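Enquirer: Following the hints, complete the assembly by docking chains B, C and D onto the known chain A.
Protein chains in written order, with UniProt numbering: chain A, 1 to 379; chain B, 1 to 379; chain C, 1 to 379; chain D, 1 to 379.
The reader is advised that the hints may include incorrect statements.
Each pair may be met inside one copy or between any two copies, as identical chains are not told apart.
Derived pair list, reagent style SDA-like, types lysine to any residue, alpha-carbon separation capped at 25 Å [said to hold, decoys possible]:
#1 K196 to D178
#2 K171 to D267
#3 K161 to Q132
#4 K196 to H181
#5 K303 to E30
#6 K325 to D231
#7 K114 to R4
#8 K303 to F31
#9 K287 to Y154
#10 K287 to L268
#11 K379 to I14
Hints were generated in silico from the structure; no laboratory data involved. Fair warning: this is a prediction, and the values are worked out from it, not measured in the lab.
Number of protein chains: 4
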Amino acid sequence: MINRFLEVRNQSEILCEPLLIEDYSVQASEFVSPPKWHLAHVTWFWEEFVLTKFDPNYTPYNEEFSFLFNSYYNNVGKRVLRPVRGLMTRPSVQEVYSYRRFVTEAIVNLLSTKLDKEVLDIIEIGINHEQQHQELFVYDIKYILGNQPTFPTYGTGFTPKAINQATEFLKVDSGVYDIGHQGADFSFDNELGNHKVYVTDFEISNNLVSNKEYLEFIEAGGYKDFNFWHDEGWSWINENKIQAPLYWHKIEGEWWNYTLQGLQKVDLTLPVMHLSFYEAFAYSQWKGQRLPTEFEWEIASDKFDWGQLWEWTYSAYLPYPNFSKSPGALGEYNGKFMVNQMVLRGGSVATAAGHSRKTYRNFFHPNMRWQYNGIRLVK
Amino acid sequence: MINRFLEVRNQSEILCEPLLIEDYSVQASEFVSPPKWHLAHVTWFWEEFVLTKFDPNYTPYNEEFSFLFNSYYNNVGKRVLRPVRGLMTRPSVQEVYSYRRFVTEAIVNLLSTKLDKEVLDIIEIGINHEQQHQELFVYDIKYILGNQPTFPTYGTGFTPKAINQATEFLKVDSGVYDIGHQGADFSFDNELGNHKVYVTDFEISNNLVSNKEYLEFIEAGGYKDFNFWHDEGWSWINENKIQAPLYWHKIEGEWWNYTLQGLQKVDLTLPVMHLSFYEAFAYSQWKGQRLPTEFEWEIASDKFDWGQLWEWTYSAYLPYPNFSKSPGALGEYNGKFMVNQMVLRGGSVATAAGHSRKTYRNFFHPNMRWQYNGIRLVK
Amino acid sequence: MINRFLEVRNQSEILCEPLLIEDYSVQASEFVSPPKWHLAHVTWFWEEFVLTKFDPNYTPYNEEFSFLFNSYYNNVGKRVLRPVRGLMTRPSVQEVYSYRRFVTEAIVNLLSTKLDKEVLDIIEIGINHEQQHQELFVYDIKYILGNQPTFPTYGTGFTPKAINQATEFLKVDSGVYDIGHQGADFSFDNELGNHKVYVTDFEISNNLVSNKEYLEFIEAGGYKDFNFWHDEGWSWINENKIQAPLYWHKIEGEWWNYTLQGLQKVDLTLPVMHLSFYEAFAYSQWKGQRLPTEFEWEIASDKFDWGQLWEWTYSAYLPYPNFSKSPGALGEYNGKFMVNQMVLRGGSVATAAGHSRKTYRNFFHPNMRWQYNGIRLVK
Amino acid sequence: MINRFLEVRNQSEILCEPLLIEDYSVQASEFVSPPKWHLAHVTWFWEEFVLTKFDPNYTPYNEEFSFLFNSYYNNVGKRVLRPVRGLMTRPSVQEVYSYRRFVTEAIVNLLSTKLDKEVLDIIEIGINHEQQHQELFVYDIKYILGNQPTFPTYGTGFTPKAINQATEFLKVDSGVYDIGHQGADFSFDNELGNHKVYVTDFEISNNLVSNKEYLEFIEAGGYKDFNFWHDEGWSWINENKIQAPLYWHKIEGEWWNYTLQGLQKVDLTLPVMHLSFYEAFAYSQWKGQRLPTEFEWEIASDKFDWGQLWEWTYSAYLPYPNFSKSPGALGEYNGKFMVNQMVLRGGSVATAAGHSRKTYRNFFHPNMRWQYNGIRLVK
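So here's chain A without its partners, still in its complex pose:
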């Protein structure tokens, strides 16, 4: 456990290596958090939910940090509001690293003692929590750099694989299936409540939709015909003047997109990414097909490769039967978001190794598209 813990802690810092000090503090949009905040917040999580609860000798690094780096746990006191996270130039990046070392060491010490299951379970959550923020970090740094006039480069990596097989539709039979997490391994509370779901037969694609295919939709006027769109999606693309995936730029008649390696021509062999649910839905309508439900996806997921990009489903993020939230502040982790969001399944090239699984329920509002997502169709 110590090794796994240290590896995850270390990974958060490896991700920051390409950054300048200047990159750490900025909040490029309300839904983006500054890298410094991610580093400190996950550390605060360890402090708040593990150290102050289970280590009687622990003295917090700085009492103020609980106020500064709480994200949304109302049960743990006041918190800095999301839109002003990017205005906190202090504490410095250096001090945040020092805070990290302090807390990492304290956890290592704690892990060297005999711990009961309750603590180990929360440490498992802490590890998964930090991994989630590692993925958000990738989304956020791409947004921070990709919205600057100079399009700076982050470095290598985080590119999905090209699609290199012919598209086939895989059949799944009608029937009652088991849904949700089973077994003793870690899962979040929103996956629990293993239960039965009846599914009508369907066919699901072995491939994600490619940039090439999505470009056909654009060129066929897909963004100009309201018949393909939800009413809210149509308002949303018009109000925000959206005509292509996020990070795409038409420059002198050619499509480029910003990647962590800088501005590049759109690679037609790659899966299309950075779409809102509205766009994924409109594409499916234009194609005369549809998005899978999260149940269809989970049932069929053994038949195809996944993990390059999170996949929008046409399922709202709702509680499973008999869902019950954890007691205390950790109960705020998932349940309170179960309205107005859509489920994504799978994982992405930005997901920490081993973090996801086929029952994993990711979720975002339908207009969000800075996350690493793509489209898989059903017919």
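Expert: This is chains B, C and D only, laid out in the frame that chain A set:
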């Protein structure tokens, strides 16, 4: 069919009898439509989808009205945007009534001829459409009058029955059930695609939640403890300073509410009404129970009385398997709203007689509460 | 005095003759008030500042009306906020007329008694106040009708005279001049404090700028070159997509404008009207001339005809030396608006007969243009 | 000239010495600019208006910087919009310093050659421009640090002197006075056009208003009585919940304020600062006195000490007679702001040495209060 048609047309005008001319044009909020607009819009619907399509001799009453009274059918040309509906003082109320008579007569003439199924189906939709607007009219006139400083009275009626039986929870067994509309009777496209759903066993209340019970929630500090709320619900009540159902006013220590009969003391025996989904959910959390899914509701609906108030379910408004929207402009009726809304089931005292059924799927955004809705719990 | 009072009261109602009941209640923009509100508010003013103060036998028509029809007199209790004035369908138009008759009669009775100067002074203010609202009524009804898709007609009148003399610039010498109201006649408090102002010599046009001249500015790209504009004016025209005076519409290559007689081709011989201060300034810059100060205007006003349109000056609305506001609620009449507004001088075809004079200081925010205004230049 | 130039350039960097890298990029409000941006923008000004125009051998440091660091000169191409200045993490602080060195050296080289008056005049403007940004830098860093939850300290300095003389009112006689800049020394275009102004006799205080006096206003309920306020001021304090000067905090019954030395108890002997024009006006109303006009201030300024804080006048920022803006982009310096702003006169402890003079016209919108300002009264 002629009689049924005339009855429905007449009912729209009966509802307007208590109105002053001044009441017809105002739009008290973006989600409210002026009474005059309702009267004209349903008439335009008959003109646009029946008369201009199937009566070769029909000349529109006034070409401009298509522009003025289209609601959201993008396929039928430009439309007046929702927020400015209340600024159209012309055409006058008198002219709108004249427009109604002109169109009613033309439909009656058409109905006197031999019509094929395609036309009759659309006439059936037209009747149901006008009934839907009759219900919206009740919501809207209550909002228009109930938000004025003088609290004017509309008239009698539209009050749900008192709860007069002890609360019991009715058991339903696990199993695969049929869901959705079957048979030849009219239904909307969103109810179609009869399909199987597996449901875990549950128990559902025979009663709606009463004002008395809801008041206990208020007095127990339900609006002050974020643990009962969705994150978005918590923001919503705080930003809008919401501490009670819509139309409730605390006056010198006592709760009053605005009804169509004027401002009255809250009647504790009546079912609580005018809640957002957020509030319905928070109440269920506080009670340690939950809202039913729309499938649970439909399966159990033969076991209890319903029809006093629409009932919030914890189901998002999503397409049934094999949902397909109608061709042409009528295809805009339902499908394009299937995101970010929650399903309500049942019917209300403001619903036109015979308009609803147990498979009927009503839907609203989770923050809407001017509609006639209530809470039924499951455990 | 009785005759003058009755004439003014009557004039408010004559202005409403062309209206339908439907036109009385609508508030087409936040800066517009519904006609019904104007009729009731001026009546409330008589009730509040004359009858309840000086007629010991007076019983208010309806206690609630003080709350409903106060405009901005904080000293006289709560008031209905401006943006919701258009949502009050009650009291009815009929009742407002009955309220008017009740108050008119009470004032006539009071005027039949012997009154001291204090009362007569306030009655004089009441008359001028009602006249001001008569002018606002014309602006507002034009806005209400002119922003409807059907462009309904109000009736005849309220059109400025064509410009029928060659433009000349009239010289005024440098020197110290007297500014402000003198003598015993009525004036508002903002004109008082007759004082000296030193003015450098200047030349002022005998004509207002014509539609023909303003069209040259438009066609020369005046709305596209930021060099002519204030920084705020440039933002304002871009945010609001403004490219011509209010009520102008380019239809199939030709300029039309909405008048109270309906939509008509722009008459090139008329003075240009319905401009913001920003546009008036930009035009002057393009022309290489400038707007007069309010002092220049007052000094020169005996040399030219005025009264067709209020004339923007390049003077901010500030207190004269030794300005002192009236005691009590009437002190809120003018002084509290002396920031962020610009002075207009003269009068317009919508101004009540005899209401204005050369020392009269009208004022509006620089982005307002629904009032009857025009441009006179200085070089 | 070389020495003066180098001294001013150096001073900009001295001001940054207490900063962490993290402090350089943040934009704490729309009206605040990041320190990095100030450093780069003033450098761009030298490059754009001096080097590229007058040094034929000059090659810009980086072509992109003109786009990044232009503030509002529409004549010089596209510019980064104000609200996103704080999102540019690149170029780095280090690179901005390198840019500064590059440009400073190029100007020094240019200054070593024989230059004609045109160039020297623009260099003079460049020096004054950089000094203006030094003052804005002080306002901005105070805002950046003073709005963080941890109230970090900047360092010493920038505190006005205590008031240590009894308040007297100094008499000035009526008469015609000369206003505006005269002579060959540098001034901005908005001070030019020396002209005569007639002023009525008045008496002006020898002291600024103190914290002690302003506290009396607060404690007398000054923020709760609309009679002291402009209508817009009253809305502004209520919408923004303003009840004290900027940076004041009531902590356990005592008033503290944030200073560049950290959070300190309010020092009653110091002049009150960080007020909006609305507050300055309300204070004067409560006191039964008034703010001076800018002409009164200029005429009387030889009679009292000034320079601790900019002083709000009750004069709008308008052009002097015969004002003409400079040709080309420098013409955008002042004229286009002459609407909706109020004039402040004097100077402050944050003003660069020798930068101001008695004819200097500073200006801000009436709701701005992060600048170093105070109140002097007239009666």
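Enquirer: Give me the numbers of the hints this structure contradicts, sorted from smallest to largest.
Expert: Result: hints 2, 5, 8, 9 and 11 break, sorted rising.
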